[in-house]
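J.: Residues per chain, in single letters:
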Amino acid sequence: MRTDRLQGALEMLILKSLEHKDNHGFGITLHVQTVSEGLLRVEEGSLYPALHRMEKEKLIAGDWRTTENGRRARFYALTASGRKRLAESENNWTSVAKGVRKLLRFA
Amino acid sequence: MKTPWAWLRQRRGRASQWQDELDSHLAMRQEWLHAGGLPADEARRAARKQFGNGLRTLEDVRAVHVTRWLDDFLQDARLAVRGFRKSPTLAVVAIVTIAVGVGAAAAIFGVVDPLLFRHLPYPNDRQLVSIGYFGPVDNNEFNVVASYLDWRRQQTAFQSMTSMRPAPASNCDLMAEETPLRVNCVSVEANFLRMLGVRPAIGRDFTAEDDQPHAPPVALLSFPLWRSNYGGDARIVGQKVTVDDERVTVAGVLPEGFEMPQLGAADILMPEQLDPTRPREANSSGFLRTFARLRPDVSIEQARTQMLPLFQQTTQLDVPKELRSEVRLVIRSLRDRQIHDVKLASWMLLGAVLALLLLVCANVANLLLARAAARRRELAVRAAIGAGRARLVRQLLTESMVLALAGGLLGCGVAWAMLRTLIVLAPEGLLRAGRTALDGRVLLFALAASLAAALLFGMAPALERPRAESLAGSRVAGAARTLFRRCLVAAGGYFPGVADRRVALCTQLLEAPERTAGL
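First to last, the sequence lines map onto chains A and B.
Our numbering puts the last residue of the first sequence at 107; the count rises by one with no breaks.
Our numbering puts the last residue of the second sequence at 519; the count rises by one with no breaks.
With the rest of the complex left out, here is chain A (with noise of 0.2 Å):
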């Protein structure tokens, strides 16, 4: 599934990513696709461009880093507002999941 169809998504995506572990954005995507087991894959054309946004609007903190490696890569960290918008998000998320549930299922 292409994670830029549903809006607000992605943001979540990769809010979720970065909950316990700062990362860069190829970390981000490898994170997403092995973690959803193949169904997730994020495009590299909006997560880059999302990664900006976000950080203009204050939710991730991103910084040049080294990788175990030894490759110069910027990393992405939560900040306190980013915390703040992935629980409302997750709970948005599981209503509207919950709703589409059931919609599916009535029949």
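Bear in mind the hints are in silico, worked out from the structure with no lab data behind them.
Being a predicted model, the structure only gives us computed values, none of them experimental.
All clues given are correct.
List of simulated lysine-lysine pairs, DSBU-like, C-alpha gap at most 30 Å:
| id | chain 1 | residue 1 | chain 2 | residue 2 |
| --- | --- | --- | --- | --- |
| 1 | A | K56 | A | K84 |
| 2 | A | K56 | B | K49 |
| 3 | A | K21 | B | K49 |
Given chain A, put chain B in place with the hints provided.
T.: Just chain B now, with coordinates in the frame of chain A:
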């Protein structure tokens, strides 16, 4: 403070960081794929494929950070500057031409602005009028004491009326520490300042008692006189000074920048002490200038209608029989009274420089069209690789804007120099030259003039449609541009005052560099 250069450098640094970030992503993906067993070159290809359109992504990232139009504008502006650097002669000629046009327009605007547009320095200045008899004796309306006293008592059109003795007989001697000083003393009615809506800077205004005949003499000093002669010391209030051998008490000091309604000089104001008890014959030969403040709901026309019976009545009493048919009642706005016969001249002057500005536009449009012909291939290539028409037009307009802003900036310098020269050349002849300065309004006018000019002369090359056949380099002169050029020149020629020799001279001056440039 952040300089614009630091800001630009930072912007550039930021932009390269965005690219670095995307590059590092690609490298990590490639490494990861390679570690998963793919050969190196295949891993690179796969990583690229997965990534998609990197340029597009970079653009999207940039769009997050910068306002799109501003970014486009800066990019176009940079491009324009680079382009003009390649043909500096054209750019310099165009900029100097614009500078002369904008500078002249701004300088003249600076002169006529206080005359035609700016508020007079009194609250609700539109209510103020000058009123009086108008006859062959004087260029301006005047009054006589006897009539004025009747008008003041019986009028209904005005909130209040006030009067002053005409300026000519106003020289007086002020004794300043043993040395006599020649100054201008003007006698005014006690309500003079109140009618104008002005209060003394320090001290008190005149009272009705001061204005009684034979009341103890008092005076208000002008701000400059107070500054220069009394060192701006507030203790002067209440003290006595000697004016024409008379001991006069200083009641107060006029505010800084105070202007007499008829723009005369005034160093000292004293109560005029009109005496209604004198015989009518004596009072009907005492001349006055009279001013009034209209009631808020009364127009000048209505006021005239209301004043006419009074005017006719006093004419019978105070005007000599042989002159009665020649005097009439004049009520006009204070601004009209002040600028008098220079009103038409001011408008003419303004029209002339605007015509000059149009001619400048026509000339610069010509220069740009000549350049556009040489650039047609470049534009066609741009169009061919996907630049939209709007985008091309915007780029060309940005180029004009860059030229116009550079010219406008230089024009401000020209305006400053011209204003200084004008003030030096005509210190007495130009009304309100003291209030003529290169201030925010004039600069704003210069900016607006430059931008309007840019739109005007930038339109010519921008409107030319880049055609596919231009790729082949064929040079077909567009009929549209010749028409446009003619329109501009015709519009310039249509303005009154173009026949004026100065403008003709300017036109020749402006066209000269074009000829020498071999266009």
